[in-house]
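Undergrad: Listed below are the residues making up each chain.
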Amino acid sequence: MLRGVRQRGGGVGSSLVMFQNIGEMLILFVQALKSLPLAWRHRRKVFDQLFEIGNASLLMACILSLFIGGVLALQAGSVLVERGLSSVIGGMVGVSMCKELGPVMMSILIAGRLGSAMAAEIGSMRVYQEIDALTTMNINPVHYLVLPRVLAMAIGLPLLVIFSIMTGWFGGAAVATFNAKINLSMDGYFNNLREIVEVGDVVHGLIKSFVFALIIGVVSCHQGLVTIGGPRGIGRSVTKAVVNSIILILIMDYILTRVMMFSDFLS
Amino acid sequence: MSATANNAESVRVEVRNLRKSFGKQSVIKGVSFEVKRGEIFVIMGPSGSGKTVLLKHIIGLEKPDEGEILIEGEPIHSARVRDRYRMAMVFQSGALLNSLSVGENVGLYLIEHRLKSPEEIKKIVAEKLDLVGLQGLEERMPSALSGGMKKRVAIARALVVEPQLILYDEPTSELDPLIAVTIAEEIASLRDRTHATSIVVSHDRDLAFGVADRIAIIHKGEILFIGTPEEVKQHNDPMIQKFIHAAMQSNKKSRAL
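Quick mapping for you: the protein sequence lines, in order, are chains A and B. With the numbering used here applied, the first sequence covers 1 to 267. With the numbering used here applied, the second sequence covers 1001 to 1257.
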């Protein structure tokens, strides 16, 4: 499958390899989409992957988000207080966490934490001929390996982002309340947050995180499937999976933000 | 050893003018041969002669640059072949899925294709593990098995498919002589039991001359000779003679000096 494409393209220049990678990832994404009707059949694997996402990252995501919310309130709060705008801190932290920091920071965290694990696992299966063994048993590696991982990522990451947004809000609230310079009441913070943040802002972040989840899943599985060589090859695939995922997340973040602003989406 | 009479379940394999290169390196250079139904066909040759690449082409894991592989007259890469004929391969390393237990590995084909109920699968797995002398190891993980045990689990996994064509890649490499003999006997008795066509890639002379109906000698991507074990032994090609009679030179003289 993908290995055949890679072998034929072995002689192409490094600049063309990028386009080859993008093409292969799109093919893999379409194959995974086509196999969606088989999702129920692979539900156990999807649940296993979901457990992996939650178990491995929920605590880390909450701690990270708590401090992101806190630092947002601290940085912006001190400037806003000087201008007599301390009452808008809640709204500012709320919208920032929903639209930008929650989805982007969680996606980068998951790319590093789980994208790397996916690439390493599938890469070692490729190197040690386990994927060849699946193929000889007429078991499609896309159905068996890629579909459960991409699907679990697409479900798990938005859920994680909801937790992230909420803990980020509380982190901001704690700093806004207990920091002597800001000294805002908890009620004041959350009243402003309720006033400014709309359901559309949360949905905005969830759409972003869904797209980022697809990017992490497809990029990591693709890097695993095209792994060649031994342990060094696996290491290379893991690095590429994380770096490529983060680059694509940041590019797609800009594009999605622009599209949603331009189309006045969800407003 | 002759092919069994009851070969209705086995398949005929034809390899026609197969060529394959990786980059500038030509690995298979126009190989052609035919494997009869129910036959044990051993491909023998020194390391790096293209044996494993040839085997991967036969099972459809690699696509040739030129030539074709036909299973009962149909190209291996056609979807019909995969649906119509049951094929299995025993990999050199075993290629067991490390995240699954021995029982899950052996029953994987039946589980994924939903061919039997969970109870039936459990029974079949126990039966196949018993056949390869590994009864009761269903719950063990592959990492807790020795090299020989892994190979036998891989054979059990292949047996579950009830293959019409079974391919073995260096089945006795890295094994001690006793286990190697057990594996060789298993290959022969498997053919007698299931009548499957077997293609074995190996550089183990004892295995080849012990189980083969016919042997193909491959060297630098080319078939040098195909014949029965007796014909191979009597062939006068210096390369073949050198390969089948290779032995360590005695160093008594140097010790005496």
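Where hints are given, some of them may not hold.
[What the hints assert, rightly or not] Straight-line alpha carbon distances no greater than 27 Å define the calculated DSS-like cross-link-like pairs of lysine-lysine that follow:
id	chain 1	residue 1	chain 2	residue 2
1	B	LYS1122	B	LYS1150
2	B	LYS1150	B	LYS1029
3	B	LYS1063	A	LYS34
4	B	LYS1063	B	LYS1036
5	A	LYS45	A	LYS34
6	B	LYS1123	A	LYS45
7	B	LYS1063	B	LYS1024
8	B	LYS1116	A	LYS45
9	B	LYS1116	B	LYS1063
10	B	LYS1024	B	LYS1150
11	B	LYS1116	A	LYS34
12	B	LYS1063	A	LYS45
13	A	LYS45	B	LYS1220
[Stated by the list, open to error] Cβ-Cβ distance ranges computed for the label pairs, FRET-style:
id	chain 1	residue 1	chain 2	residue 2	range
14	B	ASP1065	A	VAL30	45 to 55 Å
15	B	GLU1120	A	LEU36	52 to 62 Å
16	A	ILE27	B	PRO1075	14 to 24 Å
17	B	LYS1123	A	MET166	47 to 57 Å
18	A	PHE51	B	ARG1114	15 to 25 Å
[Said to hold, decoys possible] A partial selection of chain B residues facing chain A, derived with a Cβ cut-off under 8 Å:
id	residue
19	LEU1061
20	ARG1080
21	VAL1081
22	MET1087
23	ALA1088
24	LEU1097
25	SER1101
Treat the hints as calculated values from the structure; they're not laboratory data. Quick caveat, the model's predicted, so the values are computed rather than measured. Cβ atoms here follow ideal geometry from the backbone N, Cα and C, with glycine treated the same way.
Undergrad: Under the constraints set out in the numbered hints, which ones does this structure not fulfil?
TA: Numbers 2, 9, 10, 12, 13, 14, 15, 20, 21 and 25, in rising order.
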